[in-house]
Amino acid sequence: MQQHDISYSNIYTKQQNIMEEQIEQVENYGAESIQVLEGLEAVRKRPAMYIGDISIKGLHHLVYEVVDNSIDEALAGFCDHIAVGIHEDNSITVQDNGRGIPVDMHPKEHKSALEVVMTVLHAGGKFNKDSYKVSGGLHGVGVSCVNALSKHMHVEVYRDGQIHCQDYAKGKPLGPVHVIDISEATGRWEQGRTGTYVQFWPDDSIFTETVYQWGRLADRMRELAYLNAGIHISLTDYREKTEEGKYKKEVFYSEKGLSEFVRYIDSTRTPLISDVIHLNTDKYGTPVEVAMIYNTDFNENVHSYVNNINTIEGGSHVAGFRSALTRVMNKYAEESKLLEKAKLRDKEGKSTIDPNDFREGLTAVISVKVAEPQFEGQTKTKLGNSEVAGMVNQAVGEALTNYLEEHPDDAKKIVEKVILAAQARIAARNARMNVQRKSPLSGGGLPGKLADCESKDPAECELFLVEGDSAGGTAKTGRDRFHQAILPLRGKILNVEKAMEHKVFESEEIRNIFTALGVTIGTAEDPKALNLSKIRYHKVIIMADADVDGAHIATLIMTFFFRHMKAVIEQGHLYIAMAPLYLCQKGNYKEYCWNDQQRHAFIQKYGNGDEKQIKTQRYKGLGEMSDEQLWETTMDPARRMLKKVTIENAAEADRTIAMLMGDEVAPRREFIEQNATYAKIDA
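Here the sequence shown is numbered in this note's numbering, starting from 25 and rising by one per residue.
Treat the hints as calculated values from the structure; they're not laboratory data.
Treat the hints with care, since some could be wrong.
Keeping only pairs whose Cα atoms sit at most 25 Å apart, straight-line, the calculated DSS-like set for lysine-lysine is [to be verified]:
no.	residue 1	residue 2
1	Lys636	Lys614
2	Lys175	Lys196
3	Lys558	Lys437
4	Lys406	Lys437
5	Lys406	Lys175
6	Lys558	Lys480
7	Lys196	Lys69
8	Lys480	Lys516
9	Lys473	Lys527
10	Lys516	Lys473
11	Lys81	Lys406
12	Lys81	Lys668
13	Lys610	Lys636
Values in this document were obtained by computation on a predicted structure and should not be read as measured data.
Please construct the entire structure, taking both the sequences and the accompanying hints into account.
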């Protein structure tokens, strides 16, 4: 053993010096030590605090914040056209025909109200309920934050017959608000029109990604159009032209609002009833709009919004909706006398129907406009206003009762589906209990095929779901045994989109996933609730072949997680490993290529464009790689590429999965034709 000399006098001297430094720090800690971030500096210092992150999601959030201001004008009754543009220099323009931001002198700030709105946090008309009764943007961070995170912003306001203009750099005005001639804004304004025009360039010194995605913006604009009937929202991509030579453009407009939204979401499913059950009222104290329809599938799809904000964690408005649905449907089922025939009563004669049974095959959208919303929950997307539950309960109860009375054939179909759901629930409960008995948390042990990792800290553990025993064997040999666990899956897992719940839990491969993860299913209140408090891996990685079959298997697995373990996605645990398609070599130069573009680039660089000079190995499957190759391309954290699976837009993800995994062939063929060269499912 190595010996160390210990000098206690040296230790004492060192401790004394440390104490003297600490005393000096305390004495010098005064007013001058307090850093004051003026104006919008705080936003630039900690941007993620205001917009969530500085990657692709935060980048697109900037657009939503500006559009929210225009939507607020529409909610107030002063705007019906909003135009959004993506430009070649990757700037964004948003123009509306509202009243235009006020430009007169602000009484307290002593500068133009336009400058106040654009440069001061928490400044705007939406805080004054005389200006806006409800506001979506209030939940966000405001256009001033967009200004702070833009390297340049240009704003024009057309009101009182004049165009008022101001420019900014990183949130700071480049000059005073001034009036420009209409000729200086050619093509943007018509004589006498009012409104606001905003153009901004995101700051590439802040954002890790600065290229806007058409699909993300189109999904949100479509959603806003459905949530706000009667508003035209156009999206134009000036970076891309059609075959006719025109810029790519789509106009989103809904005349009937949520009833059309529900039909859009359910367009790839088979409807069970003849019409959408739709209500739109404000007679209970706050505007409530609900649309719902039953389909022949087995999943519940409820999407909720408050002031156009997607409340992914639900809240009081969802609780009110479910309470009304259970109350009205239970009463109708009792009166129908169908429960006796199905033997769904206990020994005391009470119904054994569960509230969850009424929601199987249900697609619904709930939208409320609340003057003073109170948000809570992990992501601040759960409505906490208790009074809203009663309002929604009353409104939905009345509308649903009327529909069932006026459509007896539809009512009978719904009750029969509820009975089928109840019978399947009993079978599923037994299957879930079987899963629970085999859970490692209940002493049942882990799946036999699982090669577990040595670490027991979930934060540093990864579970690879691998297609087939061959690839699974290679992965087991090549992995980092301390951090990485391997679970081989036998072929293609069950398509849960078309399977009843008890069939899902009877599937051996799906049971193995549940058991390996160590999650528990069901509570006294909700038999389908998922508890991730004891999850054994914080990264669950789908690793499939880089071909059509592999993509199908990955989609099947993602569909399973989306429908039955959505919390795993929402908490950021699900990933897809990107395996390379090629290994290109010339002499001592070799490079893995994940797509044809990378392969062509290698050929150009090392073969002068001559493909014959390059030795190319095409990987048809993971099993063709050696354990060393699989490690260095797909499993090594220092070199691999992982895609995190996220739910950016729940309603659009719901529709896409139903379309890809459902029975309707035509919409699936259309999707594949449109996305064949760059298809990417980001559910």
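Each hint, compared with the structure:
With a C-alpha separation of about 15 Å, the suggested pair lysine 636 and lysine 614 falls inside the 25 Å cut-off, and the hint holds. Between lysine 175 and lysine 196 the CA atoms are separated by roughly 10 Å; this keeps the pair inside 25 Å, and the hint holds. With a C-alpha separation of about 40 Å, the suggested pairing of lysine 558 with lysine 437 is violated against the 25 Å cut-off. Proposed proximity of lysine 406 and lysine 437 is contradicted: the alpha carbons are some 33 Å apart, above 25 Å.
At roughly 33 Å between alpha-carbon atoms, lysine 406 and lysine 175 are farther apart than 25 Å, so this suggested pair is violated. Annotation: proposed proximity of lysine 558 to lysine 480 holds, straight-line Cα distance about 11 Å (limit 25 Å). Of the pairs offered as hints, the one joining lysine 196 and lysine 69 holds, with about 15 Å between alpha carbons and a cut-off of 25 Å not exceeded. A threshold of 25 Å between alpha carbons decides the hint, and for lysine 480 with lysine 516 the separation of about 29 Å lies outside it, so the pair is violated.
Note on lysine 473 and lysine 527: the hinted pairing holds, with a Cα-Cα distance of about 21 Å set against a maximum of 25 Å. Restraint check for lysine 516 and lysine 473: the C-alpha separation of about 16 Å stays at or below 25 Å, so the hint holds. Taking the CA atoms of lysine 81 and lysine 406, the gap is near 20 Å; set against the 25 Å cutoff, the hint holds. Among the hinted pairs, lysine 81 with lysine 668 is consistent with the structure: their alpha-carbon atoms are about 12 Å apart, no more than 25 Å.
Distance restraint check for lysine 610 and lysine 636: the Cα-Cα separation of roughly 10 Å lies within the 25 Å cut-off, and the hinted pair is therefore satisfied.
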